[in-house]
Amino acid sequence: EDQVTQSPEALRLQEGESSSLNCSYTVSGLRGLFWYRQDPGKGPEFLFTLYSAGEEKEKERLKATLTKKESFLHITAPKPEDSATYLCAVQTEYNFNKFYFGSGTKLNVKP
Amino acid sequence: DARVTQTPRHKVTEMGQEVTMRCQPILGHNTVFWYRQTMMQGLELLAYFRNRAPLDDSGMPKDRFSAEMPDATLATLKIQPSEPRDSAVYFCASGLVGHTEAFFGQGTRLTVV
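Residue numbers (this note's numbering), protein chains in the order written: chain W, 1 to 111; chain E, 112 to 224.
It should be emphasised that the hints constitute simulated quantities derived from the structure, not laboratory data. Please note that a few of the clues may not be correct.
[Stated by the list, open to error] With a Cα cut of at most 20 Å, we get these calculated SDA-like pairs of lysine to any residue: (1) 122(E) to 224(E); (2) 42(W) to 176(E); (3) 106(W) to 152(E); (4) 98(W) to 167(E); (5) 110(W) to 12(W).
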């Protein structure tokens, strides 16, 4: 069964304290892995797509990496405005329609 | 500023009433998704359209839910009759065939009492 698991469920950091969020997946044939950011009361906002193991993408303080079984979202020197829920989703080769979303990691960055 | 627009943003209704949610996808996008988000289940795909044709609605309770795209600028999700367990935030997202990212609207928060 295709599954996406995110950890931790919640993460509290001090401003400037770097850390990583994890997204592990078990799917038959990965086409793409996506990271989204969701602020309270809003829809998910697209951040990155990763297609193959070893690939990395960066945007400001965020860097996403991909292996054959998991993806990491590294947050370097976070700021309070980085506080949000971070969602990952996978798309499989045999069903482009479906994006399997994880339950998310709620990040809180304290000033 | 291109974005997906959903209406209404909030809806409170009584059990048994019909609910219609509307979505205007980003101009030029040819794929539309409907998702439901709850604390317990997270984001679940309800339906998927490509070029206005429904390709996948396996995630949708068929007896009470229906999704349509009357034209390229409007997608609708209807619930009839509504039940308290339908309370959730419903998101519409749009994208382009061949591109993998989807762009989400702000959502409709539905409360069925």
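Each hint tested on the structure:
{"no.": "1", "hint": "122(E) to 224(E)", "in the structure": "11 Å, holds"}
{"no.": "2", "hint": "42(W) to 176(E)", "in the structure": "23 Å, violated"}
{"no.": "3", "hint": "106(W) to 152(E)", "in the structure": "15 Å, holds"}
{"no.": "4", "hint": "98(W) to 167(E)", "in the structure": "9 Å, holds"}
{"no.": "5", "hint": "110(W) to 12(W)", "in the structure": "7 Å, holds"}
Of the numbered hints listed earlier, the single one contradicted by the structure is hint 2.
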